[in-house]
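Kindly generate the complete structure, drawing on both the sequences and the hints.
Sequence order for the protein chains is A and B.
With my numbering, the residue at position 160 of the first sequence is 160, and numbering never jumps.
With my numbering, the residue at position 63 of the second sequence is 63, and numbering never jumps.
In short, the hints are calculated from the structure, not lab data.
Predicted model only: the values in this text are computed from it and were never measured.
There may be inaccurate statements among the hints.
What the hints assert, rightly or not - As a list, the in silico DMTMM-like pairs of lysine to aspartate or glutamate whose alpha-carbon atoms are at most 20 Å apart:
#1 Lys59/B with Asp39/A
#2 Lys165/B with Glu145/B
#3 Lys141/B with Asp48/B
#4 Lys70/B with Asp7/B
#5 Lys30/B with Glu32/A
#6 Lys91/B with Asp51/B
#7 Lys90/B with Asp20/B
#8 Lys141/B with Asp6/A
#9 Lys59/B with Glu32/A
#10 Lys111/B with Asp6/A
#11 Lys70/B with Asp9/B
#12 Lys141/B with Glu191/B
#13 Lys59/B with Glu47/B
#14 Lys30/B with Glu27/A
#15 Lys91/B with Asp144/B
#16 Lys90/B with Asp25/B
#17 Lys111/B with Glu8/A
#18 Lys111/B with Asp5/A
#19 Lys59/B with Asp110/B
#20 Lys90/B with Asp55/B
#21 Lys165/B with Asp144/B
#22 Lys141/B with Glu8/A
#23 Lys59/B with Glu40/A
#24 Lys59/B with Asp20/B
#25 Lys141/B with Asp5/A
Letter by letter, the chains look like this.
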Amino acid sequence: MEEFDDSEIARLLRLKRYEQPPPAYFENFLHEFHRRQRDELLRQPLWRICLVRAQTFMSRLEVPSLASYPTAVAAVLACAAIVSLKMYQQPETARVALQSPPSISASANAEGELNLASPVSMPILRTLPVRSFHGSAQTHRAAPTRYVLDSVPVSYEPSFRF
Amino acid sequence: MEQPRTDPDQELVKRTQAGDAGAFDELVIKYTPRLYGLVYNMTSNHEDTNDLLQDIFAKAYRAIRGFRGKSSFYTWIHSISVNMTLNFLKKRGRRFQLSLDDVDASIQNDKEFLEVTATSSPVREADLSELQRRLNEAMMKLSDEHRAVVTMFHIQGMPHAEISKILRVSEGTVRSRLFYANRQLQNYLDEFRKNPVS
Chain A
1 MEEFDDSEIA RLLRLKRYEQ PPPAYFENFL HEFHRRQRDE LLRQPLWRIC
51 LVRAQTFMSR LEVPSLASYP TAVAAVLACA AIVSLKMYQQ PETARVALQS
101 PPSISASANA EGELNLASPV SMPILRTLPV RSFHGSAQTH RAAPTRYVLD
151 SVPVSYEPSF RF
Chain B
1 MEQPRTDPDQ ELVKRTQAGD AGAFDELVIK YTPRLYGLVY NMTSNHEDTN
51 DLLQDIFAKA YRAIRGFRGK SSFYTWIHSI SVNMTLNFLK KRGRRFQLSL
101 DDVDASIQND KEFLEVTATS SPVREADLSE LQRRLNEAMM KLSDEHRAVV
151 TMFHIQGMPH AEISKILRVS EGTVRSRLFY ANRQLQNYLD EFRKNPVS
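And the structure:
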């Protein structure tokens, strides 16, 4: 009675090496691998892509100590501190510039005229009657009352008067 | 005294770790046929093998930065492949269909094939596709762990020591798994012997 012994089973199993995928399979495998990698990359969030690229950049520099997470966190914190310090200093001047105009406009309104404190002339439109009401009523009865605007651009006026 | 072996892939691994994707491509080209055989003979399904192989290389690429060269790249990538395939098989369970690759025509010139068909009457009587189907069915009746050992030892021709490194078990465990798997295969194929064309 014939039986499969160990060596025969081993020989049969070795024949399974002849089970092969289609001929072009191995040539296309790498292209398929690249395509899937690209697809996976596109699905990743932006921060992860940035992190990977930063890691690659650091490893190219061959400075492993700099690529460590604690050092990277420390560097980011230091940068953030410098930036925030600069941002904190800038608003000091800006705040002064913003606060001064109301006091200027208040004095200009109170005096009715511009003074030395206001370098920027305010647009004040003064209406002056050309003639007195009575005279004009006699000679030009039908004519409507005319007003001439003092139309000299305020920017032409001197910014201060003595 | 045993000389420490240098990893032939060391240079490619270093270049990949430095960000050279082309070096990893070379590793993919080099190991795809071998890993394909490993995964295919564990799953007996071409489509599953293809998907798994893509995932294996993707995982290896992500993890290669952490590869410190304590083992060879060959052992490392085989460990990843076996572990991922075993995990996949656990999830897949028993519900699957065989999706077998064609047997290469060059088998007709293989010395071992000629010997097997000349000496064994069941094999002689069955056609090639029937033999392939029976063999794969017998393989799939083994547990996943036993099939992994049979694949690496009988089909891929790996030594016991290499298999033990990949599976992280002792060589004794590898030998006992092989012995047990051979007995089981013998039983399954005896049915084939008794009824070769069913």
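Results of checking the hints against the structure:
no., hint, in the structure
1, Lys59/B with Asp39/A, "holds (15 Å)"
2, Lys165/B with Glu145/B, "holds (14 Å)"
3, Lys141/B with Asp48/B, "holds (18 Å)"
4, Lys70/B with Asp7/B, "holds (10 Å)"
5, Lys30/B with Glu32/A, "holds (16 Å)"
6, Lys91/B with Asp51/B, "holds (14 Å)"
7, Lys90/B with Asp20/B, "violated (35 Å)"
8, Lys141/B with Asp6/A, "holds (17 Å)"
9, Lys59/B with Glu32/A, "holds (15 Å)"
10, Lys111/B with Asp6/A, "holds (18 Å)"
11, Lys70/B with Asp9/B, "holds (13 Å)"
12, Lys141/B with Glu191/B, "holds (13 Å)"
13, Lys59/B with Glu47/B, "holds (18 Å)"
14, Lys30/B with Glu27/A, "holds (11 Å)"
15, Lys91/B with Asp144/B, "holds (12 Å)"
16, Lys90/B with Asp25/B, "violated (30 Å)"
17, Lys111/B with Glu8/A, "holds (13 Å)"
18, Lys111/B with Asp5/A, "holds (18 Å)"
19, Lys59/B with Asp110/B, "violated (36 Å)"
20, Lys90/B with Asp55/B, "holds (16 Å)"
21, Lys165/B with Asp144/B, "holds (18 Å)"
22, Lys141/B with Glu8/A, "holds (19 Å)"
23, Lys59/B with Glu40/A, "holds (12 Å)"
24, Lys59/B with Asp20/B, "holds (16 Å)"
25, Lys141/B with Asp5/A, "holds (18 Å)"
Violated hints, listed in ascending order, are 7, 16, 19; each of the other numbered hints is respected by the structure.
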